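Listed below are the residues making up each chain.
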Amino acid sequence: MGLSLTHFLVLGAILFSIGLYGALSKHNAVAVLMGIEIMLNAVVITMVAFSAYNPVPKYAGLLTGQIFAIFIITVAAAEAAVALAMVIAIYRKRNTVDVSDINMMKW
Amino acid sequence: MAFYYGSWLILFAPLFSFAVIIFGTRVWDYMVRPNDAAQVDPVTIGEHGQTEGHSEQEGHAGEAEPELAFAGVHGTAEQGAGGSPYGRVYSDITYTSVKGPHGETLTYENDDNPKVAHLTPGAQAGAWIGLVIVGLAAIYSWLLLLNTAGVISIAPYLPQDGIQVFAYNWFVQSGNAANYVVAFHLDRLAIAMMVVVTTVSFLVHFYSRGYMEDSAGYSRFYSYLSLFTFSMLVIVFAQNFLVIFIGWELVGLSSYLLIGFWFNKRAKPAEDRQAPANAAIEAFIANRVGDVGFITGIMILFATTGTFDFATLASKTSTQGVAHAFAGNTGLLTLAMILIFCGAIGKSAQVPLHVWLPPAMEGPTPVSALIHAATMVAAGVYMVARTFPLFAAADPAAFQTVAWVGGITAIFAALIALCQSDFKRVLAFSTISQLGYMFVGLGVAGIEYGVGPGMFHLFTHAFFKALLFLGAGSVIESLHHATHKEVQDMRQMGGLAKFMPITAATWLVACFSISGFPFFAGFFSKDSIIGLAYEHGDYALYFITLFTAGLTAFYMFRAFFLAFGGKGGKFGGIWGGPYRGEGHPHESPLSMTIPLILLAIASIVAGYWFGFYSYLTPGAPILSFATVLGDVRTWIGVIVALVGIGWAYFLYCRVGMETVHNYVESHAVLRVSHRILLRKFYVDELYNLLIKYVVFGISHIEQAFDAYIVDGIVNGVAQLVMTAGRDLRHVETGKVQTYMVGFFGGVALLAVLVFVLVTFVR
Chain A
1 MGLSLTHFLV
11 LGAILFSIGL
21 YGALSKHNAV
31 AVLMGIEIML
41 NAVVITMVAF
51 SAYNPVPKYA
61 GLLTGQIFAI
71 FIITVAAAEA
81 AVALAMVIAI
91 YRKRNTVDVS
101 DINMMKW
Chain B
1001 MAFYYGSWLI
1011 LFAPLFSFAV
1021 IIFGTRVWDY
1031 MVRPNDAAQV
1041 DPVTIGEHGQ
1051 TEGHSEQEGH
1061 AGEAEPELAF
1071 AGVHGTAEQG
1081 AGGSPYGRVY
1091 SDITYTSVKG
1101 PHGETLTYEN
1111 DDNPKVAHLT
1121 PGAQAGAWIG
1131 LVIVGLAAIY
1141 SWLLLLNTAG
1151 VISIAPYLPQ
1161 DGIQVFAYNW
1171 FVQSGNAANY
1181 VVAFHLDRLA
1191 IAMMVVVTTV
1201 SFLVHFYSRG
1211 YMEDSAGYSR
1221 FYSYLSLFTF
1231 SMLVIVFAQN
1241 FLVIFIGWEL
1251 VGLSSYLLIG
1261 FWFNKRAKPA
1271 EDRQAPANAA
1281 IEAFIANRVG
1291 DVGFITGIMI
1301 LFATTGTFDF
1311 ATLASKTSTQ
1321 GVAHAFAGNT
1331 GLLTLAMILI
1341 FCGAIGKSAQ
1351 VPLHVWLPPA
1361 MEGPTPVSAL
1371 IHAATMVAAG
1381 VYMVARTFPL
1391 FAAADPAAFQ
1401 TVAWVGGITA
1411 IFAALIALCQ
1421 SDFKRVLAFS
1431 TISQLGYMFV
1441 GLGVAGIEYG
1451 VGPGMFHLFT
1461 HAFFKALLFL
1471 GAGSVIESLH
1481 HATHKEVQDM
1491 RQMGGLAKFM
1501 PITAATWLVA
1511 CFSISGFPFF
1521 AGFFSKDSII
1531 GLAYEHGDYA
1541 LYFITLFTAG
1551 LTAFYMFRAF
1561 FLAFGGKGGK
1571 FGGIWGGPYR
1581 GEGHPHESPL
1591 SMTIPLILLA
1601 IASIVAGYWF
1611 GFYSYLTPGA
1621 PILSFATVLG
1631 DVRTWIGVIV
1641 ALVGIGWAYF
1651 LYCRVGMETV
1661 HNYVESHAVL
1671 RVSHRILLRK
1681 FYVDELYNLL
1691 IKYVVFGISH
1701 IEQAFDAYIV
1711 DGIVNGVAQL
1721 VMTAGRDLRH
1731 VETGKVQTYM
1741 VGFFGGVALL
1751 AVLVFVLVTF
1761 VR
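Going down the list, the sequences are from chains A and B. If you're matching positions, the first sequence starts at 1 in this note's numbering and goes up one per residue. If you're matching positions, the second sequence starts at 1001 in this note's numbering and goes up one per residue.
The set of hints was computed from the structure by calculation and includes no laboratory data. Any given hint could be a false lead.
Unchecked claim - Cut-off 25 Å, straight-line C-alpha distance, at most; resulting in silico cross-link-like pairs (DSS-like, lysine-lysine):
#	chain 1	residue 1	chain 2	residue 2
1	B	K1498	A	K93
2	A	K93	A	K26
3	A	K106	A	K26
4	B	K1735	A	K106
5	A	K26	B	K1268
Said to hold, decoys possible - Estimated spans, in silico, between C-beta atoms of each pair:
#	chain 1	residue 1	chain 2	residue 2	range
6	A	A52	B	K1735	37 to 45 Å
7	B	F1755	A	Y53	51 to 59 Å
8	A	S17	B	Y1708	53 to 61 Å
9	B	L1728	A	V82	43 to 51 Å
10	A	Y21	B	A1707	14 to 22 Å
All figures in this text were calculated on a predicted structure; none of them were measured in a lab. In this text, a Cβ means the ideal position worked out from N, Cα and C, and glycines have one as well.
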């Protein structure tokens, strides 16, 4: 039994769910960011899988997904930098990184 | 024919005089008043009068200045010796106690109608303008009457259907028959009524120059009289229901203004008299209650036929006539006509809406003479006469209703009048009773006699009732001068004939006339109605009207003997006698006695127009002296009247008032019935209870509905919004993770939706 598209998509889905769970339930801001990273990477896997197992012969040789992966990694890195900068700024002001405590914009 | 077409001048002349008085003379007065006077409105009431109770109008040059006060505020004597340009303005409130017949203390207080020392030139000019204009209108209408009756010949024959004098298209729908036209027309019925209205109005204008000469608000009074005359003429000239309703409401307004003329005057519970302001409201509301039926009836007619016009409704050929539109559905027509008659019940003070007329006596006596004796209350009769063909086209039940309401009213009011001790109240109930006679006359006449009998009684009644009221005003005024109080109780009068012979003589003429004594006017008009009731087969109505005639004679002569005669006077107590009041009354000045004499002549002569029936309804029988005298029923009526007169003479000239009173009080049956009649069958109390519990009860329910349900809904919506807001704001937690949950949850939902749609929806 060889690996097919389904295996990779399921892997991507599971990873996405894990990342989503982490992003939604973690209290530590850095952990939330880690969850977001996991989500991004899950998306990368999905994209590469689609690129590798592309059923349309005309587009089979193109490495669309792989190129996409490079872009996503780049963006993810930049975004992580910005997000961590925000976390540091918030920590300096509020002396906490617990996202539950950062809820001033409420009723 | 220009003679007839010029009659629009009669209609609009009083309106012109109203406008001139309001916008001309009153403005002129305002502009020429001297600047040094404070802005004193002479109509305001003073809280205090002089120290002692006299307030003669003639100059009190050397006396202490009275306190001039505005309503509720004690003023200071800031004016100089002259005061306002109207002279000193004062009113006197003092109290006098006299012993009543039971030994109880009757407290009379002076009326609080403000008086002025002299009238401004504008006020006098206004009075002259009103007088002259109404006088000219009266002359014109007499000329019209004499011309159409054939006595003189100025213009050719007036068509039976009349001519249209003025029309204004208020709202015309082309292609649709519903036209709203303000139209006035002239025919013989209108001429007969117009003569009554303008003549009595002219005499009242003349009389008021004497009666109201020291009253504040003189020009206001004349403006209201002009307004009333105009309103009444609108009713007289009306060609359709729209216009007659406009006039109907206008006379109601004028009546309200005139009854409440002394609007600051207080009630006198000791004499069972209301304040004039309340009496005015009661009059207007009672009229309005009747108008509900009136409007409903008009609407039924309009909805079925599509027109308001009297001639069109009455015609037998037009498709819009009632004969055609209600064919086979006469029950609906009868209902409509009975509802229209409800308006007449309210306006002409029939039972059950008669309650406004006795309190309306709180207005000045010339007002009572004009409005509540001769003209406005006759508007109901006139309206039924105008719509007579419509009543005839309905079932006999319509006429029966008219006749029976009239008959019941006649006897009801006559019984009450037997026991009243207030001079004007006796006359008020007498008016109600005689109006009942007019409706009986209209109800039993049938097509053959037409509107003749009812209108003839209206015609003669206007003259002798106006005479009775003006004479009463003369008595009241002269007693006011003598005692400085407003005396209307007959127990305070007595033997006035020796002080006021002209008033007494004219009153006697009017009493004979209203009692139906032979050769006076009332004889011809009243006995013909009684006879017609018999001929029509309504034997019950015949006996009712006959008995009421006896009662009428009794109470009118009771009033006469109590006021002008008394035990111990001349001619066996008829003329003069002991005077039970204070002071020395004098005869009234010429300005008041001349109208009395003229009306006395009319009260005798007006009955001799035997062609009245055929004047209004061609082909009706002509009264002839011989048949009237030869009919045995006429003599039965005369005997009944003489019995009434004789009994009154016996009781009040021979036996004496106190003895009669003691006899009545000492017998239980008589005492109870006296009490019931004195309290007017407790109708006023019944209506008070009705209003207090039913009307106000419903209004309390509705108020609760408004406060709890309507406001509850409005406030409830606001509460709902606020509660929703207060609870929904918790959605916004401020935590990013919460929002992310929402975000991804929505994405998941959308994914499921797309999957389902793609799979199952082909």
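Verification of the supplied hints:
In summary, the hint linking K1498/B to K93/A is not supported, as the alpha carbons are separated by about 115 Å, beyond the 25 Å threshold. A hinted pair counts as satisfied when its Cα atoms are at most 25 Å apart, and K93/A with K26/A qualifies at roughly 21 Å. Taking the CA atoms of K106/A and K26/A, the gap is near 20 Å; set against the 25 Å cutoff, the hint holds. Using a Cα cut-off of 25 Å, the hinted pair K1735/B and K106/A holds, with the two alpha carbons roughly 8 Å apart.
The suggested pairing of K26/A with K1268/B is violated, with an alpha-carbon distance near 91 Å, which exceeds 25 Å. For the hinted restraint 37 to 45 Å between A52/A and K1735/B, the CB-CB distance of approximately 39 Å keeps it satisfied. Between F1755/B and Y53/A the beta carbons are some 21 Å apart, a value that contradicts the proposed interval 51 to 59 Å. For the pair S17/A and Y1708/B, the beta carbons lie near 56 Å from each other, so the given range of 53 to 61 Å is met.
In this structure the supplied range 43 to 51 Å is violated for L1728/B paired with V82/A, their Cβ-Cβ distance being about 33 Å. Remark: the range hint 14 to 22 Å for Y21/A to A1707/B is contradicted by a beta-carbon distance near 57 Å.
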